[in-house]
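> My request is simple: use the sequences and hints to build the entire structure.
Protein chains in written order, with the working numbering: chain Z, 1 to 341; chain Y, 1 to 341; chain H, 1 to 341.
Please keep in mind that the hints were generated in silico from the structure rather than gathered at the bench.
Errors might be hidden in some of the hints.
Below, in silico cross-link-like pairs of lysine to any residue (SDA-like), each with a Cα-Cα straight-line distance of 20 Å or less [claimed, not checked]:
| no. | chain 1 | residue 1 | chain 2 | residue 2 |
| --- | --- | --- | --- | --- |
| 1 | Z | 325 | Z | 296 |
| 2 | Y | 325 | H | 73 |
| 3 | Y | 257 | H | 25 |
| 4 | H | 325 | Y | 203 |
| 5 | H | 33 | H | 10 |
| 6 | Z | 257 | Y | 203 |
| 7 | Z | 325 | H | 329 |
| 8 | Y | 325 | H | 10 |
| 9 | H | 325 | Y | 336 |
| 10 | Y | 325 | H | 327 |
| 11 | H | 257 | Z | 257 |
| 12 | Y | 257 | H | 201 |
| 13 | Y | 325 | Z | 330 |
| 14 | H | 325 | Y | 257 |
| 15 | Z | 257 | Z | 296 |
| 16 | H | 257 | Z | 330 |
| 17 | Y | 325 | H | 326 |
| 18 | Y | 257 | Y | 275 |
| 19 | Y | 66 | Y | 127 |
| 20 | Z | 33 | Z | 59 |
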Amino acid sequence: MTDPRFFSPQGPFALAELAEIAGAVLANNADAKRRIVDIAPLDAAGADEVSFLDNRRYLDAFATSKAGACVVAPEFADRAAPGMALLLADAPYRAYARIVRAFHPAPPLEPGVSAAATVDESATLGAGCRVEAGAVIDARAEIGARCHIGANAVIGAGVVLGEDCVVGACASVSHALIGARVAIYPGARIGQEGFGFAPGAEGHLRIPHTGRVIIGDDVEIGANATVDRGSGPDTVIGAGSMIDNLVQIAHNVQLGKGCILAAQVGVSGSTRLGNFVVCAGQVGLAGHLRIGDGATLAAQAGLMRDVPPGAVYGGTPAVPATTWKRQTIALMRLVERKGKK
Amino acid sequence: MTDPRFFSPQGPFALAELAEIAGAVLANNADAKRRIVDIAPLDAAGADEVSFLDNRRYLDAFATSKAGACVVAPEFADRAAPGMALLLADAPYRAYARIVRAFHPAPPLEPGVSAAATVDESATLGAGCRVEAGAVIDARAEIGARCHIGANAVIGAGVVLGEDCVVGACASVSHALIGARVAIYPGARIGQEGFGFAPGAEGHLRIPHTGRVIIGDDVEIGANATVDRGSGPDTVIGAGSMIDNLVQIAHNVQLGKGCILAAQVGVSGSTRLGNFVVCAGQVGLAGHLRIGDGATLAAQAGLMRDVPPGAVYGGTPAVPATTWKRQTIALMRLVERKGKK
Amino acid sequence: MTDPRFFSPQGPFALAELAEIAGAVLANNADAKRRIVDIAPLDAAGADEVSFLDNRRYLDAFATSKAGACVVAPEFADRAAPGMALLLADAPYRAYARIVRAFHPAPPLEPGVSAAATVDESATLGAGCRVEAGAVIDARAEIGARCHIGANAVIGAGVVLGEDCVVGACASVSHALIGARVAIYPGARIGQEGFGFAPGAEGHLRIPHTGRVIIGDDVEIGANATVDRGSGPDTVIGAGSMIDNLVQIAHNVQLGKGCILAAQVGVSGSTRLGNFVVCAGQVGLAGHLRIGDGATLAAQAGLMRDVPPGAVYGGTPAVPATTWKRQTIALMRLVERKGKK
Numbered sequence: 001m002t003d004p005r006f007f008s009p010q011g012p013f014a015l016a017e018l019a020e021i022a023g024a025v026l027a028n029n030a031d032a033k034r035r036i037v038d039i040a041p042l043d044a045a046g047a048d049e050v051s052f053l054d055n056r057r058y059l060d061a062f063a064t065s066k067a068g069a070c071v072v073a074p075e076f077a078d079r080a081a082p083g084m085a086l087l088l089a090d091a092p093y094r095a096y097a098r099i100v101r102a103f104h105p106a107p108p109l110e111p112g113v114s115a116a117a118t119v120d121e122s123a124t125l126g127a128g129c130r131v132e133a134g135a136v137i138d139a140r141a142e143i144g145a146r147c148h149i150g151a152n153a154v155i156g157a158g159v160v161l162g163e164d165c166v167v168g169a170c171a172s173v174s175h176a177l178i179g180a181r182v183a184i185y186p187g188a189r190i191g192q193e194g195f196g197f198a199p200g201a202e203g204h205l206r207i208p209h210t211g212r213v214i215i216g217d218d219v220e221i222g223a224n225a226t227v228d229r230g231s232g233p234d235t236v237i238g239a240g241s242m243i244d245n246l247v248q249i250a251h252n253v254q255l256g257k258g259c260i261l262a263a264q265v266g267v268s269g270s271t272r273l274g275n276f277v278v279c280a281g282q283v284g285l286a287g288h289l290r291i292g293d294g295a296t297l298a299a300q301a302g303l304m305r306d307v308p309p310g311a312v313y314g315g316t317p318a319v320p321a322t323t324w325k326r327q328t329i330a331l332m333r334l335v336e337r338k339g340k341k
Numbered sequence: 001m002t003d004p005r006f007f008s009p010q011g012p013f014a015l016a017e018l019a020e021i022a023g024a025v026l027a028n029n030a031d032a033k034r035r036i037v038d039i040a041p042l043d044a045a046g047a048d049e050v051s052f053l054d055n056r057r058y059l060d061a062f063a064t065s066k067a068g069a070c071v072v073a074p075e076f077a078d079r080a081a082p083g084m085a086l087l088l089a090d091a092p093y094r095a096y097a098r099i100v101r102a103f104h105p106a107p108p109l110e111p112g113v114s115a116a117a118t119v120d121e122s123a124t125l126g127a128g129c130r131v132e133a134g135a136v137i138d139a140r141a142e143i144g145a146r147c148h149i150g151a152n153a154v155i156g157a158g159v160v161l162g163e164d165c166v167v168g169a170c171a172s173v174s175h176a177l178i179g180a181r182v183a184i185y186p187g188a189r190i191g192q193e194g195f196g197f198a199p200g201a202e203g204h205l206r207i208p209h210t211g212r213v214i215i216g217d218d219v220e221i222g223a224n225a226t227v228d229r230g231s232g233p234d235t236v237i238g239a240g241s242m243i244d245n246l247v248q249i250a251h252n253v254q255l256g257k258g259c260i261l262a263a264q265v266g267v268s269g270s271t272r273l274g275n276f277v278v279c280a281g282q283v284g285l286a287g288h289l290r291i292g293d294g295a296t297l298a299a300q301a302g303l304m305r306d307v308p309p310g311a312v313y314g315g316t317p318a319v320p321a322t323t324w325k326r327q328t329i330a331l332m333r334l335v336e337r338k339g340k341k
Numbered sequence: 001m002t003d004p005r006f007f008s009p010q011g012p013f014a015l016a017e018l019a020e021i022a023g024a025v026l027a028n029n030a031d032a033k034r035r036i037v038d039i040a041p042l043d044a045a046g047a048d049e050v051s052f053l054d055n056r057r058y059l060d061a062f063a064t065s066k067a068g069a070c071v072v073a074p075e076f077a078d079r080a081a082p083g084m085a086l087l088l089a090d091a092p093y094r095a096y097a098r099i100v101r102a103f104h105p106a107p108p109l110e111p112g113v114s115a116a117a118t119v120d121e122s123a124t125l126g127a128g129c130r131v132e133a134g135a136v137i138d139a140r141a142e143i144g145a146r147c148h149i150g151a152n153a154v155i156g157a158g159v160v161l162g163e164d165c166v167v168g169a170c171a172s173v174s175h176a177l178i179g180a181r182v183a184i185y186p187g188a189r190i191g192q193e194g195f196g197f198a199p200g201a202e203g204h205l206r207i208p209h210t211g212r213v214i215i216g217d218d219v220e221i222g223a224n225a226t227v228d229r230g231s232g233p234d235t236v237i238g239a240g241s242m243i244d245n246l247v248q249i250a251h252n253v254q255l256g257k258g259c260i261l262a263a264q265v266g267v268s269g270s271t272r273l274g275n276f277v278v279c280a281g282q283v284g285l286a287g288h289l290r291i292g293d294g295a296t297l298a299a300q301a302g303l304m305r306d307v308p309p310g311a312v313y314g315g316t317p318a319v320p321a322t323t324w325k326r327q328t329i330a331l332m333r334l335v336e337r338k339g340k341k
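Okay, structure coming up:
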């Protein structure tokens with residue numbers, strides 16, 4: 001059961017309803033009318049809760065779980081705990097996501113501006129916005145309908161936010177044009193000047209940055225992540241891209257649609273990622289690179305050259321993943337041979 | 001001497017008192033009644049100050065220091081500057097820590113809630129709390145006795161803080177149950193949703209996170225570090241764990257007791273660390289791993305597999321440290337041979 | 001054209017004026033009186049705008065740009081688009097920087113303290129300061145003339161800021177003495193305690209930190225970067241050093257003058273960098289190292305030993321860059337040979 005201090009599940013839902021929500025097939029002699037009250041992890045779920053299996057590592061938990069129902073791929077159906085209703089889906093994680101969203105939709109936003117917020121009189125707020133205590137919204141900012149501006153967040157002058165955006169506590173946004181349904185997590189920094197200066201022994205000469213940050217619809221920017229504005233060109237985050245905590249996006253970077261950047265990735269200035277590029281944790285990319293559509297970069301990879309579309313790269317300096325794996329094995333064998341001497 | 005703008009040392013203490021506080025033995029013909037007024041580094045200390053030596057790199061500074069007294073291991077006693085009183089201890093850094101804590105205990109907390117703070121009427125504050133200007137404490141939060149909530153910090157709805165916690169300036173906490181004597185440094189982000197969604201070309205589908213962050217007693221979370229709440233299971237930080245700045249702890253991660261994570265470490269989702277695991281700076285751990293009790297991971301290591309208890313691992317992909325060292329040497333020799341051709 | 005929501009260019013300037021500002025030579029049959037109204041990137045600039053070329057990657061854009069004028073090195077002059085006025089300079093990026101600063105100087109600061117700021121009565125503000133809404137300035141802080149304290153920023157007790165400093169939104173500063181013209185970006189954390197404790201199975205024993213952070217003139221500290229105060233010695237950032245986003249500077253670290261640390265670099269405790277050291281992105285340095293003047297550390301390098309002045313190092317563990325390159329090639333050849341078997 002989810003903690004009532006923090007969560008208030010909708011429902012209950014009958015198994016048949018959940019199957020429809022999930023696009024799943026009810027199996028294992030399940031009672032379609034059985035009522036499910038909440039979601040829960042496999043090892044904690046009870047008879048009136050639904051869970052999921054999406055990783056072979058947890059097959060044992062699946063086999064011993066007391067969950068009343070479970071979303072699972074058909075191939076694992078026969079490993080289920082006795083009596084567990086099954087919701088069979090080819091993409092079980094996605095199916096389960098739909099169920100979680102049914103039980104736990106975003107809480108309704110109670111509109112209003114806290115008396116402890118500071119909103120410049122020239123800023124505009126769309127209908128149904130909520131602005132929490134300590135938030136500061138500067139001159140001429142345009143906040144779309146139903147946006148939620150968190151406590152102590154700061155929205156700079158002229159910033160545009162689309163509808164249904166969430167700006168987390170203590171985040172700051174400046175020099176940015178942002179689409180709809182964008183989530184900016186607590187402490188994220190959007191729109192400050194990039195790391196741009198003309199170096200020299202007589203003193204590094206700062207270059208004022210006159211570009212912006214342009215963020216498409218449905219983007220997420222993680223906690224304490226940083227997205228610098230462009231130096232002249234814009235910094236662009238394509239629609240649907242997911243950026244995790246503590247990621248650095250430098251000035252003039254362009255991300256295509258649906259990119260996924262895990263925690264602590266760093267993208268240097270003017271590098272461009274195509275659509276649906278995946279960067280695992282702590283990947284670093286040098287400046288001015290081109291990473292093709294659908295490329296995947298393994299954790300901690302250090303990219304110093306362009307990557308073609310669809311390629312998988314790893315290592316530092318990064319090479320195709322197959323090469324990286326062979327290098328790793330070759331190095332291991334080299335040591336083994338030396339060990340035998 | 002410490003800077004009076006920022007510090008007000010207690011004392012003075014006689015050398016005999018310091019020896020007792022530190023659990024050290026006074027040596028080198030020291031006058032037990034000699035009064036010491038403050039602590040100082042070896043190269044800055046004067047005749048009425050105490051310093052310490054814990055690293056051979058600083059033996060020269062130890063030999064020429066003007067410190068009136070010094071905490072040191074017995075083996076280095078004969079390298080002391082002439083006339084320096086010695087406080088001999090087998091664990092000199094720990095002994096010195098006790099002395100520093102005597103001179104510089106946490107300043108007394110002046111209870112009260114700033115008129116510029118925003119505390120929801122349904123939140124509860126224990127006796128002796130101090131809430132600084134701009135802090136926001138949301139509905140039903142329970143703040144234990146003698147907590148110090150920093151300026152512009154944000155405590156979310158329903159959060160529970162044990163006694164004697166410190167929440168730094170501009171930090172934010174939500175969806176969390178926190179023990180006693182926990183220190184959350186400025187800008188740390190606790191409890192936001194993790195990086196969880198069902199990816200797909202038709203759009204990545206965000207999964208609402210219904211777990212919490214559970215933090216044990218005596219934990220420290222560094223500046224601008226991020227600890228995401230669980231997706232269903234909880235994210236758990238065991239008692240006494242020390243987490244440095246800019247560390248990323250993903251959803252569902254579990255840390256045992258007394259773990260030490262240096263700056264910029266990243267722990268991916270659902271990975272579990274045992275007790276007293278040490279991660280040096282910039283280590284990255286993939287998801288769903290198990291790291292055994294007492295394991296040590298060298299700086300920048302990239303963990304892709306489980307690690308047994310007590311093991312020392314390094315490199316990317318990480319291997320036992322002895323193997324990593326031999327790989328490094330083998331690679332160096334390979335280049336040397338090629339160089340000779 | 002720069003976005004009028006965010007920028008208001010000065011000017012226009014005649015080409016002759018720009019040449020003088022930039023220290024450049026006007027060429028390509030340019031009309032010295034031609035008026036230029038703003039800056040713009042090569043691919044977006046129009047006939048009344050000036051751009052620059054500083055990277056061979058963009059020679060094609062240079063050859064097809066519609067920019068009215070362009071700052072460029074003499075060697076590329078003959079690659080210019082037809083009709084483009086040229087401003088020839090041996091250091092074109094620096095020359096262009098001067099032009100951008102002419103069009104886009106820092107906006108004039110409108111002095112005043114927001115009614116929604118909290119300034120302790122014992123703090124002092126120099127002439128011409130601006131303090132934004134939600135900022136908190138604690139007891140005895142001394143803020144120099146013309147400082148700009150951003151929204152929801154926090155300046156701790158006793159902190160000293162020189163003239164013309166900028167503290168970004170949501171940044172926090174404590175236990176610090178800061179020079180003139182220092183820029184602290186949004187969310188940066190300056191002066192909190194470092195990661196210092198005596199570890200032990202009976203509990204890690206925190207050591208109070210009694211040092212400070214000393215920051216020289218003209219330093220920049222990036223967004224969400226962290227600079228811990230010293231444990232007894234100070235943490236020192238030399239004049240003119242440029243520190244990018246998400247960088248970690250541990251307790252007792254010393255940086256010389258003019259150092260450049262790119263994003264996500266981590267410097268461990270007590271390590272000292274000389275003057276004009278360059279660390280590329282995600283570099284990690286172990287504790288207690290000495291890095292000589294003018295050394296360069298390649299991206300993701302892991303430094304475990306001292307580095308002599310002027311050296312270039314790369315890899316983990318870091319070695320001279322020439323060695324690292326040969327290691328990389330040797331490893332690649334090892335795999336190629338194996339592949340042929």
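> For each hint, tell me whether it holds in the structure or not.
Evaluation of the provided hints:
1. Of the supplied pair hints, the one linking residue 325/Z and residue 296/Z holds, its CA atoms being roughly 15 Å apart against a limit of 20 Å.
2. For the hint pairing residue 325/Y with residue 73/H, the CA-to-CA distance comes to about 47 Å; that exceeds 20 Å, so the pair is violated.
3. This hinted pair does not check out: residue 257/Y and residue 25/H have alpha carbons roughly 66 Å apart, beyond 20 Å.
4. Distance check on the hinted pair: residue 325/H and residue 203/Y sit about 41 Å apart at the alpha-carbon level, beyond 20 Å; violated.
5. With a CA separation close to 17 Å, the supplied pair residue 33/H and residue 10/H stays within the 20 Å bound.
6. Simply put, residue 257/Z and residue 203/Y have alpha-carbon atoms about 9 Å apart, close enough for the 20 Å limit, and the pair holds.
7. Under the criterion of a C-alpha separation no larger than 20 Å, the hint pairing residue 325/Z with residue 329/H is consistent with the structure, at around 15 Å.
8. Taking the CA atoms of residue 325/Y and residue 10/H, the gap is near 59 Å; set against the 20 Å cutoff, the hint is violated.
9. Under the criterion of a C-alpha separation no larger than 20 Å, the hint pairing residue 325/H with residue 336/Y is consistent with the structure, at around 13 Å.
10. Pair hint residue 325/Y plus residue 327/H holds up; C-alpha atoms about 15 Å apart against a cutoff of 20 Å.
11. With a C-alpha separation of about 41 Å, the suggested pairing of residue 257/H with residue 257/Z is violated against the 20 Å cut-off.
12. Distance restraint check for residue 257/Y and residue 201/H: the Cα-Cα separation of roughly 10 Å lies within the 20 Å cut-off, and the hinted pair is therefore satisfied.
13. Straight-line distance between C-alpha atoms of residue 325/Y and residue 330/Z comes to about 15 Å, which keeps the hinted pair within the 20 Å bound.
14. Using a Cα cut-off of 20 Å, the hinted pair residue 325/H and residue 257/Y is violated, with the two alpha carbons roughly 42 Å apart.
15. The suggested pairing of residue 257/Z with residue 296/Z holds, with an alpha-carbon distance near 14 Å, which does not exceed 20 Å.
16. Of the supplied pair hints, the one linking residue 257/H and residue 330/Z is violated, its CA atoms being roughly 43 Å apart against a limit of 20 Å.
17. Straight-line distance between C-alpha atoms of residue 325/Y and residue 326/H comes to about 18 Å, which keeps the hinted pair within the 20 Å bound.
18. Between residue 257/Y and residue 275/Y the alpha-carbon distance is near 5 Å, which keeps this suggested pair within the 20 Å criterion.
19. Under the criterion of a C-alpha separation no larger than 20 Å, the hint pairing residue 66/Y with residue 127/Y is inconsistent with the structure, at around 45 Å.
20. A hinted pair counts as satisfied when its Cα atoms are at most 20 Å apart, and residue 33/Z with residue 59/Z does not qualify at roughly 27 Å.
In this structure, the hints that do not hold are numbers 2, 3, 4, 8, 11, 14, 16, 19 and 20, in rising order.
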